[in-house]
Amino acid sequence: MTWKVDAADRLLDSLLGGLPQTAVIAVATADEDGPKVLRSKNGPTEGRFEIGSITKTMTGAVLASLVDDGIVALDDEIGRWLDAGPNADITLRQLATHTAGLPRLSPSHVLGATDPYLFLTPHVAEEELRRCPVRPRGVESDYSNFGFQLLGLVLERADGTSFPKLLQQRLFDPLGMTSSGVPKDGEPVTIAGHINGVPTAPWSRHLYGAGGVLVSGDDLARYLNACLNPPDSAAGWAIRQAQQPDFQIDPLRSAGLGWPQGPPGYLGHDGGTAGFRSGLGIKTTTRRAAAIVVNDKSAHGLMRAIRYALDAE
Numbered sequence: 001m002t003w004k005v006d007a008a009d010r011l012l013d014s015l016l017g018g019l020p021q022t023a024v025i026a027v028a029t030a031d032e033d034g035p036k037v038l039r040s041k042n043g044p045t046e047g048r049f050e051i052g053s054i055t056k057t058m059t060g061a062v063l064a065s066l067v068d069d070g071i072v073a074l075d076d077e078i079g080r081w082l083d084a085g086p087n088a089d090i091t092l093r094q095l096a097t098h099t100a101g102l103p104r105l106s107p108s109h110v111l112g113a114t115d116p117y118l119f120l121t122p123h124v125a126e127e128e129l130r131r132c133p134v135r136p137r138g139v140e141s142d143y144s145n146f147g148f149q150l151l152g153l154v155l156e157r158a159d160g161t162s163f164p165k166l167l168q169q170r171l172f173d174p175l176g177m178t179s180s181g182v183p184k185d186g187e188p189v190t191i192a193g194h195i196n197g198v199p200t201a202p203w204s205r206h207l208y209g210a211g212g213v214l215v216s217g218d219d220l221a222r223y224l225n226a227c228l229n230p231p232d233s234a235a236g237w238a239i240r241q242a243q244q245p246d247f248q249i250d251p252l253r254s255a256g257l258g259w260p261q262g263p264p265g266y267l268g269h270d271g272g273t274a275g276f277r278s279g280l281g282i283k284t285t286t287r288r289a290a291a292i293v294v295n296d297k298s299a300h301g302l303m304r305a306i307r308y309a310l311d312a313e
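For the sequence shown, counting from 1, position 201 maps to 201 in the UniProt record's numbering; every step adds exactly one.
Honestly, I wouldn't trust all of these hints.
To be verified - Derived SDA-like pairs (lysine to any residue); straight-line CA-CA distance at most 20 Å:
id, residue 1, residue 2
1, K297, V198
2, K297, A274
3, K184, T200
4, K297, A113
5, K297, T200
6, K165, G236
7, K283, R253
8, K297, G197
9, K297, P164
10, K297, R205
11, K297, S40
12, K165, G70
13, K283, P263
Claimed, not checked - Label-pair restraints from in silico Cβ distances:
id, residue 1, residue 2, range
14, R80, Y143, 22 to 32 Å
15, L252, G176, 33 to 43 Å
16, V124, T284, 33 to 43 Å
Keep in mind that the hints were calculated from the coordinates and are not lab data.
Positions of the beta carbon are idealized from the N, C-alpha and C atoms, including for glycine.
Make a model of the complete structure from these sequences and hints.
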């Protein structure tokens with residue numbers, strides 16, 4: 001228990017000096033013995049944080065779950081479900097490992113826009129996909145937010161279930177994550193996002209495969225623990241499969257289904273939204289894990305702080 005407590009305190013301390021006093025932070029730690037340890041500052045643990053691209057690890061688990069049920073196969077081509085034009089031969093595996101040759105953002109994405117994903121409805125996403133130039137598949141892992149937005153859309157069409165509901169049914173409910181999900185229209189914000197202490201409005205989203213999930217501090221700890229110690233269940237199996245190396249990037253790094261891996265012994269993901277930063281890391285050799293969420297986009301160095309905590313004696 002000592003490492004988990006010390007690491008949680010160390011992670012909180014590493015962030016406090018560079019953030020406004022009003023910042024809300026939640027930190028979770030876990031090891032192979034469980035139970036998880038949660039530390040929080042300035043906010044109730046039931047308040048919900050945006051986790052940004054950590055959502056991609058969840059999308060990878062949903063994909064693995066649908067593969068296990070025979071609903072999709074990793075090498076299925078997206079043209080079965082999307083009007084993809086010349087990019088119809090991209091596979092689900094390639095989307096999930098960032099090897100589809102797609103750009104980081106959709107072609108019409110405007111950097112710095114106040115609400116950059118508002119325009120990207122499913123119909124528009126298919127139009128944007130058809131505009132993307134055809135590039136080599138399966139030869140290079142090049143991070144694509146757009147690819148995961150499309151992956152979530154494919155999975156909901158393949159199963160006939162909305163992607164938010166897929167997350168709920170196949171991950172959140174089985175893991176006991178009772179305060180997690182995507183925001184509903186008109187739902188009050190329990191923890192507001194900020195930039196350098198100034199409140200900022202959340203981004204609008206129509207596609208949730210790449211980001212958009214909200215979690216409470218308690219649910220963050222539950223998810224962290226499940227990622228380190230997958231339960232003996234269908235959800236645990238899906239998490240374990242998503243974490244397996246699927247594409248070798250270079251001698252030190254590989255890609256799972258939504259999970260960046262490397263250097264050897266480490267895997268994890270970070271995230272950023274209009275007003276939040278997040279990070280989750282696992283050290284497989286020592287069976288340790290840590291995660292941070294903070295409601296201020298100006299927070300930096302989260303993954304570096306997590307790595308230091310995981311390496312601490």
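The hints, checked one at a time:
{"no.": "1", "hint": "K297 to V198", "verdict": "10 Å, holds"}
{"no.": "2", "hint": "K297 to A274", "verdict": "7 Å, holds"}
{"no.": "3", "hint": "K184 to T200", "verdict": "18 Å, holds"}
{"no.": "4", "hint": "K297 to A113", "verdict": "15 Å, holds"}
{"no.": "5", "hint": "K297 to T200", "verdict": "10 Å, holds"}
{"no.": "6", "hint": "K165 to G236", "verdict": "18 Å, holds"}
{"no.": "7", "hint": "K283 to R253", "verdict": "14 Å, holds"}
{"no.": "8", "hint": "K297 to G197", "verdict": "9 Å, holds"}
{"no.": "9", "hint": "K297 to P164", "verdict": "24 Å, violated"}
{"no.": "10", "hint": "K297 to R205", "verdict": "18 Å, holds"}
{"no.": "11", "hint": "K297 to S40", "verdict": "17 Å, holds"}
{"no.": "12", "hint": "K165 to G70", "verdict": "18 Å, holds"}
{"no.": "13", "hint": "K283 to P263", "verdict": "10 Å, holds"}
{"no.": "14", "hint": "R80 to Y143: 22 to 32 Å", "verdict": "25 Å, holds"}
{"no.": "15", "hint": "L252 to G176: 33 to 43 Å", "verdict": "35 Å, holds"}
{"no.": "16", "hint": "V124 to T284: 33 to 43 Å", "verdict": "39 Å, holds"}
Hint compliance for this structure: hint 9 is the single one not met.
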